[in-house]
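From first to last, the protein sequence lines are chains A and B.
So the first sequence is numbered by numbering that gives the first Met the number 0: it starts at 0 and just counts up by one.
So the second sequence is numbered by numbering that gives the first Met the number 0: it starts at 0 and just counts up by one.
Keep in mind the hints are simulated off the structure, nothing from the lab.
These numbers were taken from a predicted model, which means no experiment stands behind them.
All C-beta atoms in this analysis are idealised placements derived from N, C-alpha and C, irrespective of residue type, glycine included.
Some hints could be false.
[Unchecked claim] Taking lysine-lysine pairs in the PhoX-like style, the calculated list, with each CA pair at most 25 Å apart, reads:
| hint | chain 1 | residue 1 | chain 2 | residue 2 |
| --- | --- | --- | --- | --- |
| 1 | B | K269 | B | K90 |
| 2 | A | K33 | B | K185 |
| 3 | B | K9 | A | K33 |
| 4 | A | K97 | B | K60 |
| 5 | A | K91 | A | K132 |
| 6 | A | K45 | B | K167 |
| 7 | A | K132 | A | K45 |
| 8 | B | K178 | A | K74 |
| 9 | A | K74 | A | K163 |
| 10 | A | K13 | A | K45 |
| 11 | A | K45 | B | K269 |
| 12 | B | K60 | A | K40 |
| 13 | B | K60 | B | K90 |
| 14 | B | K185 | A | K45 |
| 15 | B | K178 | A | K97 |
| 16 | A | K146 | A | K170 |
| 17 | A | K97 | B | K90 |
| 18 | A | K97 | A | K40 |
| 19 | A | K40 | A | K13 |
| 20 | A | K163 | A | K40 |
| 21 | B | K185 | A | K13 |
[Said to hold, decoys possible] Negatives, chain B to chain A, calculated, CB over 10 Å:
| hint | residue |
| --- | --- |
| 22 | F26 |
| 23 | W55 |
| 24 | G129 |
| 25 | D179 |
| 26 | G188 |
| 27 | S190 |
| 28 | R197 |
| 29 | P201 |
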Amino acid sequence: MRNIANLQSPIDGKLEVFGSQSYIGEESYIERGKVGYIPQKLGLVKHETVYFNVLEGAICHESILRSITGFHEQKVIDKVEESITLMNLSHKTDEPIKQLSGGQQRRVAIARTMAQGAQLILADEFLSELDDKTANNVWNVMYEYVKANRITLIIVEHNRDRAKLADRCFKLEKNEDNSHSVLIEVEK
Amino acid sequence: MKFDKEIIFKRKKYPIFLFFIILTTWFVFVDLVDGDWNSLENSLDNLSVFFYESLWPPNWKVLEARSYPVCDRNWDFLCSPAYIGIVETLKIAFVSTGLGFILSLPLATFASRNLYRDSVAIPFRLLLSGMRTLPSLIWAIFFVILIGLGPVSGVMAMTFYTIGYLGKLQYETIEGLSKDPLDAAKAMGLSNSEIIMRVVIPESANNLISQLLFMFEYNVRHGSVIGIVGAGGIGYYISTYLKFLQYDKVMALLIVLFFVVVVIDLFSIKARSYFVEDASLKYPSFFQSIFRGK
Chain A
0 MRNIANLQSP
10 IDGKLEVFGS
20 QSYIGEESYI
30 ERGKVGYIPQ
40 KLGLVKHETV
50 YFNVLEGAIC
60 HESILRSITG
70 FHEQKVIDKV
80 EESITLMNLS
90 HKTDEPIKQL
100 SGGQQRRVAI
110 ARTMAQGAQL
120 ILADEFLSEL
130 DDKTANNVWN
140 VMYEYVKANR
150 ITLIIVEHNR
160 DRAKLADRCF
170 KLEKNEDNSH
180 SVLIEVEK
Chain B
0 MKFDKEIIFK
10 RKKYPIFLFF
20 IILTTWFVFV
30 DLVDGDWNSL
40 ENSLDNLSVF
50 FYESLWPPNW
60 KVLEARSYPV
70 CDRNWDFLCS
80 PAYIGIVETL
90 KIAFVSTGLG
100 FILSLPLATF
110 ASRNLYRDSV
120 AIPFRLLLSG
130 MRTLPSLIWA
140 IFFVILIGLG
150 PVSGVMAMTF
160 YTIGYLGKLQ
170 YETIEGLSKD
180 PLDAAKAMGL
190 SNSEIIMRVV
200 IPESANNLIS
210 QLLFMFEYNV
220 RHGSVIGIVG
230 AGGIGYYIST
240 YLKFLQYDKV
250 MALLIVLFFV
260 VVVIDLFSIK
270 ARSYFVEDAS
280 LKYPSFFQSI
290 FRGK
């Protein structure tokens with residue numbers, strides 16, 4: 000997953016993401032904002048507000064100069080507000096992340112990838128640490144968004160029932176001589 | 000019970016460590032004294048003689064106006080060496096802390112290994128540690144030679160030292176940030192400058208400000224030392240009185256300095272408590288209370 004997100008170069012072989020290739024020991028260049036990566040602990044800026052965090056995703060659509068100096072384009076600000084509204088967080092816009100519940104924090108993370116306009120979302124054990132009810136809620140929100148906008152979502156999930164909702168499921172297993180792990184597609 | 004050296008060592012590591020420290024310190028100390036124990040015994044007597052003959056009572060003339068230049072202010076106190084010296088020291092500390100902070104932050108981000116490659120980070124680290132190696136006193140001598148006597152060389156000297164010291168604290172804070180927000184921002188394709196503005200600085204803001212306050216306090220204390228080589232501040236008066244052997248006046252100035260440092264210390268402890276992690280659960284953060292008017 001970290002390979003696809005372009006955070007590590009592949010140990011072996013070749014990787015192609017949106018037409019840009021990366022080889023061993025070499026990282027590729029992917030267009031700004033196309034890949035959204037949600038780490039296990041979400042990677043939100045905890046001291047800052049919901050608005051600030053969602054804006055972090057939206058600045059992918061403007062120049063670096065504007066994003067650093069803080070003179071954001073109107074379309075960027077609209078995008079932020081739209082994503083926050085879609086995730087039902089309008090009443091929490093100015094609350095700092097650390098005061099939100101686990102489910103709300105995950106919705107902020109989704110809003111951030113939404114504002115970013117990601118075509119591929121990578122979510123690493125996104126729903127762990129949540130109770131079943133909240134996890135299902137967050138999962139439904141994500142699922143609807145992804146289906147409606149034809150976005151690819153790659154998610155690492157321990158719960159088999161939820162995992163079965165995906166189009167394709169893979170299982171990570173050791174190969175015969177235990178030297179390394181391989182992905183095996185499983186039937187639902 | 001089975002006797003096992005390794006387990007005993009593990010369970011008793013703190014007492015063993017403490018014992019080890021005391022033992023080594025004592026041995027090195029004995030080595031330094033080199034059999035000359037008499038001078039140590041006499042030192043206490045010397046101290047009491049020196050204290051009662053030269054230092055005590057403090058000469059509070061330092062709080063009165065200087066005879067030259069003539070005082071044109073409302074209160075004599077405002078023309079006294081103590082007041083002029085301490086205010087200049089505070090000004091030097093304030094300006095050099097501010098300048099040092101502004102200059103050290105970019106250097107510290109370049110020196111962070113989680114943001115830049117080692118080939119970039121290590122030269123910047125060397126630069127910072129180079130600035131830190133020379134204490135501010137040596138920087139002050141250097142700048143007094145370059146610029147001349149006065150507070151400007153004091154400001155330059157302290158700024159340089161502040162950059163080195165604060166820069167190290169800052170890059171250590173940045174490297175201690177959790178990896179996840181950085182990873183998410185990198186995967187989005189944000190450039191390093193954007194990551195610094197939108198993730199690194201907001202995440203470490205509390206630490207950065209508490210370090211800034213610490214540095215100000217530190218610079219006030221050191222501001223009194225660099226005056227001795229002629230770089231302005233209260234240290235200038237201290238060194239003058241030392242030269243003329245007016246130890247009672249030196250004592251008075253030191254007492255004034257002590258009180259100022261204590262007051263700044265109290266203020267900075269209070270201000271820092273706003274920025275420390277645990278406290279922020281109880282009190283709203285300083286920024287929130289300013290910007291939201293809560």
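- Does A:K97 pair with A:K40 here, judged by a C-alpha cut-off of 25 Å? The hint holds at about 12 Å.
- Message: Check whether the Cα positions of B:K60 and A:K40 lie no farther apart than 25 Å.
- Response: Between B:K60 and A:K40 the Cα gap is close to 63 Å, so the pair fails against 25 Å, i.e. violated.
- Task: Examine each Cβ of chain A, and state whether all of them lie more than 10 Å from the Cβ of B:S190.
- Result: It is violated; B:S190 is separated from chain A by about 5 Å at its closest Cβ, not greater than 10 Å.
- Message: Checking one constraint from the list: CA of A:K146 to CA of A:K170, max 25 Å. Satisfied?
- Response: With a Cα-Cα distance of about 23 Å, the restraint between A:K146 and A:K170 holds, given a limit of 25 Å.
- Item | Beyond 10 Å from every chain A Cβ - status for B:P201 | The claim is violated: B:P201 sits with its nearest Cβ about 5 Å from chain A, within 10 Å.
- B:K185 and A:K13: Cα distance at most 25 Å? Holds: B:K185 and A:K13 sit about 21 Å apart, inside 25 Å.
- Given hint B:K60 paired with A:K97 - CA-CA distance at most 25 Å: violated, 56 Å
- Message: Confirm or reject: B:F26 is not an interface residue toward chain A, with every Cβ-Cβ distance exceeding 10 Å.
- Response: holds, 48 Å
- Message: The output says B:W55 does not contact chain A. Does that hold with a beta carbon cutoff of 10 Å?
- Response: holds, 51 Å
- Taking 10 Å as the cut and beta carbons as the points, is B:R197 off the interface with chain A? Its Cβ does come within 10 Å of chain A, the nearest being 5 Å, so this is violated.
- Query: Hey, B:K185 versus A:K45, does the alpha-carbon distance stay inside 25 Å?
  - Reply: holds, 17 Å
- Query: Does the alpha-carbon distance linking A:K45 and B:K269 stay inside the 25 Å limit?
  - Reply: At roughly 23 Å apart (the allowed maximum being 25 Å), B:K269 and A:K45 satisfy the hint.
The structure is inconsistent with the numbered hints 3, 4, 8, 9, 10, 12, 17, 19, 25, 26, 27, 28 and 29, although it conforms to all the rest.
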